[in-house]
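Chemist: Sequence order for the protein chains is A, B, C and D.
So for the first sequence, full-length UniProt numbering puts the first residue at 1; every next one is plus one.
So for the second sequence, full-length UniProt numbering puts the first residue at 1; every next one is plus one.
So for the third sequence, full-length UniProt numbering puts the first residue at 1; every next one is plus one.
So for the fourth sequence, full-length UniProt numbering puts the first residue at 1; every next one is plus one.
Pairs involving identical chains hold if they fit within one copy or between any two copies, as the list cannot separate such chains.
List of simulated lysine-lysine pairs, DSS-like, C-alpha gap at most 27 Å:
1) Lys247 to Lys79
2) Lys195 to Lys143
3) Lys129 to Lys79
4) Lys195 to Lys247
Please keep in mind that the hints were generated in silico from the structure rather than gathered at the bench.
Protein chains: 4
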Amino acid sequence: MILTLACPDRTGIVARVSTLLFERGANILDAQQYDDEETGRFFMRVVFDPREGDLDALRAAFAELAAPLAMDWSLRDSKTRRRVMILASQTDHCLADLIWRWRQGELPMDISAVVSNHPESTFPHTDLKGIAFHHLPVSAQTKPAQEAALWRLIEETRTDLVVLARYMQVLSDDLSTKLAGRCINIHHSFLPGFKGARPYHQAHARGVKVIGATAHFVTPDLDEGPIIEQDVERISHRDRPRDLVRKGRDIERRVLARAVRWTLEDRVLLNGRKTVVFTD
Amino acid sequence: MILTLACPDRTGIVARVSTLLFERGANILDAQQYDDEETGRFFMRVVFDPREGDLDALRAAFAELAAPLAMDWSLRDSKTRRRVMILASQTDHCLADLIWRWRQGELPMDISAVVSNHPESTFPHTDLKGIAFHHLPVSAQTKPAQEAALWRLIEETRTDLVVLARYMQVLSDDLSTKLAGRCINIHHSFLPGFKGARPYHQAHARGVKVIGATAHFVTPDLDEGPIIEQDVERISHRDRPRDLVRKGRDIERRVLARAVRWTLEDRVLLNGRKTVVFTD
Amino acid sequence: MILTLACPDRTGIVARVSTLLFERGANILDAQQYDDEETGRFFMRVVFDPREGDLDALRAAFAELAAPLAMDWSLRDSKTRRRVMILASQTDHCLADLIWRWRQGELPMDISAVVSNHPESTFPHTDLKGIAFHHLPVSAQTKPAQEAALWRLIEETRTDLVVLARYMQVLSDDLSTKLAGRCINIHHSFLPGFKGARPYHQAHARGVKVIGATAHFVTPDLDEGPIIEQDVERISHRDRPRDLVRKGRDIERRVLARAVRWTLEDRVLLNGRKTVVFTD
Amino acid sequence: MILTLACPDRTGIVARVSTLLFERGANILDAQQYDDEETGRFFMRVVFDPREGDLDALRAAFAELAAPLAMDWSLRDSKTRRRVMILASQTDHCLADLIWRWRQGELPMDISAVVSNHPESTFPHTDLKGIAFHHLPVSAQTKPAQEAALWRLIEETRTDLVVLARYMQVLSDDLSTKLAGRCINIHHSFLPGFKGARPYHQAHARGVKVIGATAHFVTPDLDEGPIIEQDVERISHRDRPRDLVRKGRDIERRVLARAVRWTLEDRVLLNGRKTVVFTD
Chain A
1 MILTLACPDR TGIVARVSTL LFERGANILD AQQYDDEETG RFFMRVVFDP REGDLDALRA
61 AFAELAAPLA MDWSLRDSKT RRRVMILASQ TDHCLADLIW RWRQGELPMD ISAVVSNHPE
121 STFPHTDLKG IAFHHLPVSA QTKPAQEAAL WRLIEETRTD LVVLARYMQV LSDDLSTKLA
181 GRCINIHHSF LPGFKGARPY HQAHARGVKV IGATAHFVTP DLDEGPIIEQ DVERISHRDR
241 PRDLVRKGRD IERRVLARAV RWTLEDRVLL NGRKTVVFTD
Chain B
1 MILTLACPDR TGIVARVSTL LFERGANILD AQQYDDEETG RFFMRVVFDP REGDLDALRA
61 AFAELAAPLA MDWSLRDSKT RRRVMILASQ TDHCLADLIW RWRQGELPMD ISAVVSNHPE
121 STFPHTDLKG IAFHHLPVSA QTKPAQEAAL WRLIEETRTD LVVLARYMQV LSDDLSTKLA
181 GRCINIHHSF LPGFKGARPY HQAHARGVKV IGATAHFVTP DLDEGPIIEQ DVERISHRDR
241 PRDLVRKGRD IERRVLARAV RWTLEDRVLL NGRKTVVFTD
Chain C
1 MILTLACPDR TGIVARVSTL LFERGANILD AQQYDDEETG RFFMRVVFDP REGDLDALRA
61 AFAELAAPLA MDWSLRDSKT RRRVMILASQ TDHCLADLIW RWRQGELPMD ISAVVSNHPE
121 STFPHTDLKG IAFHHLPVSA QTKPAQEAAL WRLIEETRTD LVVLARYMQV LSDDLSTKLA
181 GRCINIHHSF LPGFKGARPY HQAHARGVKV IGATAHFVTP DLDEGPIIEQ DVERISHRDR
241 PRDLVRKGRD IERRVLARAV RWTLEDRVLL NGRKTVVFTD
Chain D
1 MILTLACPDR TGIVARVSTL LFERGANILD AQQYDDEETG RFFMRVVFDP REGDLDALRA
61 AFAELAAPLA MDWSLRDSKT RRRVMILASQ TDHCLADLIW RWRQGELPMD ISAVVSNHPE
121 STFPHTDLKG IAFHHLPVSA QTKPAQEAAL WRLIEETRTD LVVLARYMQV LSDDLSTKLA
181 GRCINIHHSF LPGFKGARPY HQAHARGVKV IGATAHFVTP DLDEGPIIEQ DVERISHRDR
241 PRDLVRKGRD IERRVLARAV RWTLEDRVLL NGRKTVVFTD
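Here chain A stands alone, though its shape is the one from the complex (with noise of 0.2 Å):
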């Protein structure tokens, strides 16, 4: 099990929460806590093995503690794996990660849908052998109708989790608020250094020396919201803006995969416009 909560910081918050789960009979195996400073926000992940305990009556015990502190919590089961959606456009370099990735067993998900704007003959070497696909093809004057369409999809597949994996629409207010701390995005670039279009392309003009690129949550401020990792790579005026891209993609891949990985294991937790997130 996993449980994850963040409340306003206060004394005797670790003496309880681990006291409760030891007379419910449950062992921790892995906690980390964080306390900001600057908030007074208090954050904490606890893994434990109930072994005989009662799951149920630990959850009402729970809530009956968390109530009072003004607790958001999460009591998890980690064998329960969550419905991930992959929304992707016409490059499938973080698709086929995370689906590769997923049968290698890295990542604890179910797929519930691979979403794109294109059809599926658009990914021919993607290997999406008995993973869902749905085309919804979107335009300027089609677009409310299809994002209606993926928040039906989203709903009807139970979907827990949202990856935008180079889907290279912008989700309109609406939708982003509603999937708000549950849509992943991958940026092709090190935010906040090149927003926009064409962010390798903005960084080969400016002549850096490093590039990255950055995965958050989706917000209704496009490339602003809560980031969850970065990572970067030296380049040097030898590459073109195109060697900038091939790397660029070695680098969405594993950032991506990472954020997807520990959003998985309820490792990411929000804060405010940042994230706290308690890695491995």
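Dock chains B, C and D against the given chain A, drawing on the hints supplied.
Modeler: Same frame as chain A, but now just chains B, C and D:
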């Protein structure tokens, strides 16, 4: 206050420790723990603000809690600085860097002494102002006597931690054993790749593409002590041995500085031949 | 066209080579060179556009220049793709990654065959569409026969380069010698730290803080061939051997891909037990 | 001797340059070149041993070759050290590191002066032994006069290169222009992410997971000059602004040291708003 502990794993440790702290009025600021599945050993580090609590009573209460659990533990006021002795030979890059960081306030320690087997005039550009310097020359014949003098100095200066900052003498088994767990060495290479003499020349001869450095606790088994920290830099065929030595100095400085800071902040716990490092 | 050469160093080599190219109407696009002070050996790589020049005449003229200078040299049309055979055993992370990069256009090669000692059904999710697959099972008894079949296949498919993409069989001295300089292996560890079996488990047992992978040319001396590329990732005490294996897959993929790309682009020149790598 | 040149690309440049050197008896030790496809500009750096050659004659011959090709070029004896002025304000981490590296022999330069807008007593622990120190205080009112004094000092001390080692004053457009191409600044952040004041605090507020530093040439357009070098370190939610500042000091030290060393070794060539850096 910083509490660290290690003991055989069993349920309820976190609950007992955090409850004891809570009941004594302490506020936990940070806590990290680790449960080694292989050895069944549990490790914990807690930073707390004791507030009005009675520290002697807390210490007594904790001793009572710890004994039946077979805990190794330490409770230390983080405002009480450890006394650190730095040993160097002819190069000063690690020595000067540690002193510089100490003056910057990065290393919460008092320097009990700087000791070298070479005279103070070896270090005309090292900022030794206000630091006790001891010249303890050594030869094969005088080694036992020199180590005896060194040990006396360690005791007289109430030194808590000894840092070998490129001290090019191998400590005897006897002295290594006396300093177990409180003597850090910087190995000028990436262990276990290149042990022994002139490791950068060995690395050059082998044509590796990455070199590194290793900070570890000193044990009688040379270059085999528990590793605290390692880091690396890329090299190419253009790098001559002297370039590797130059790049190596940079890696050694930052690896040793991290290892010392983490040790001073009680972040490094011994786990058999390995370490648990609760990094910040 | 890509020209590479290696010869004893003497004055005037660059002048002669560049003048010959100029007189034959070629335009140099890129040139890198390296003078190994230790061995007195000179290495050069020139990329040029021959324009209207007569390539056969150029080749003949270059042969005349090269002979008295005792040059090892190669002149190759960069549009002529090398034929590459990929060998794998039971895991597909390196195999699938090479195929994916090849389909992306990152690796300028034709795949002459994929060969495994396990049947094609071992790789249900590897995108082998349009690629010849050969199952060459092997046991201690059948090894000589299997290697003979493998060699025949290399010859029949006019394979230029063999890539051991986690092929878990040790090549015989005889086959290693035959493939000298054109067979790349990925060693799933940071050589020379942890040779032999289960290197990530060795690394875990030693408690290192950084793991890596090494791509090298295959020689009869196992794990001692000239290193082409290495890379690393940080680990912590929390990483179990299975986490090291997971992180290792990522390092292996990118290290092998770089080594193969650089080799395909004639960027890797042998220098005794080492390599000269003219990176981009 | 180190020859650097930049000119419009055309065939035969390498042939002409290398033949001239060969005919004058020089032996090329290292050469790198770069052909910028976008701008059609060609860049080259050649290190050679002139042996018995007549340098004045060589220089005259090269001038003849260079003129019709519209070359910007420089021919410099690598044994003639450049005269470098270092400017600092209240912190000494970059200043002390440059001086330390200079004493180690890592930076082939003479220090013409250390200049600060604060008095020498600001740096009680910086090893200024044998180095001329000038205190040039500055206020909004006295800025023109202070810059005039600074410029006089630059001229009187025959300073070739000015290094702003965390000099917290913005140079006027006039002085920036006068020092074009020979004044290096260290920006205490990863450009172009966080310009302006307190960039580490900005980075903390944005919740980035990687911070960096940037060394660039000074131009009238603040923080927009050609980038020479950048580097980064990972951070986490645990890092407070003061931790970012601490980690930043380490990044700034190594980024500035690399940029200065490369400039001193004629490895950095201007290419419009960007640089070509022929790294070792």
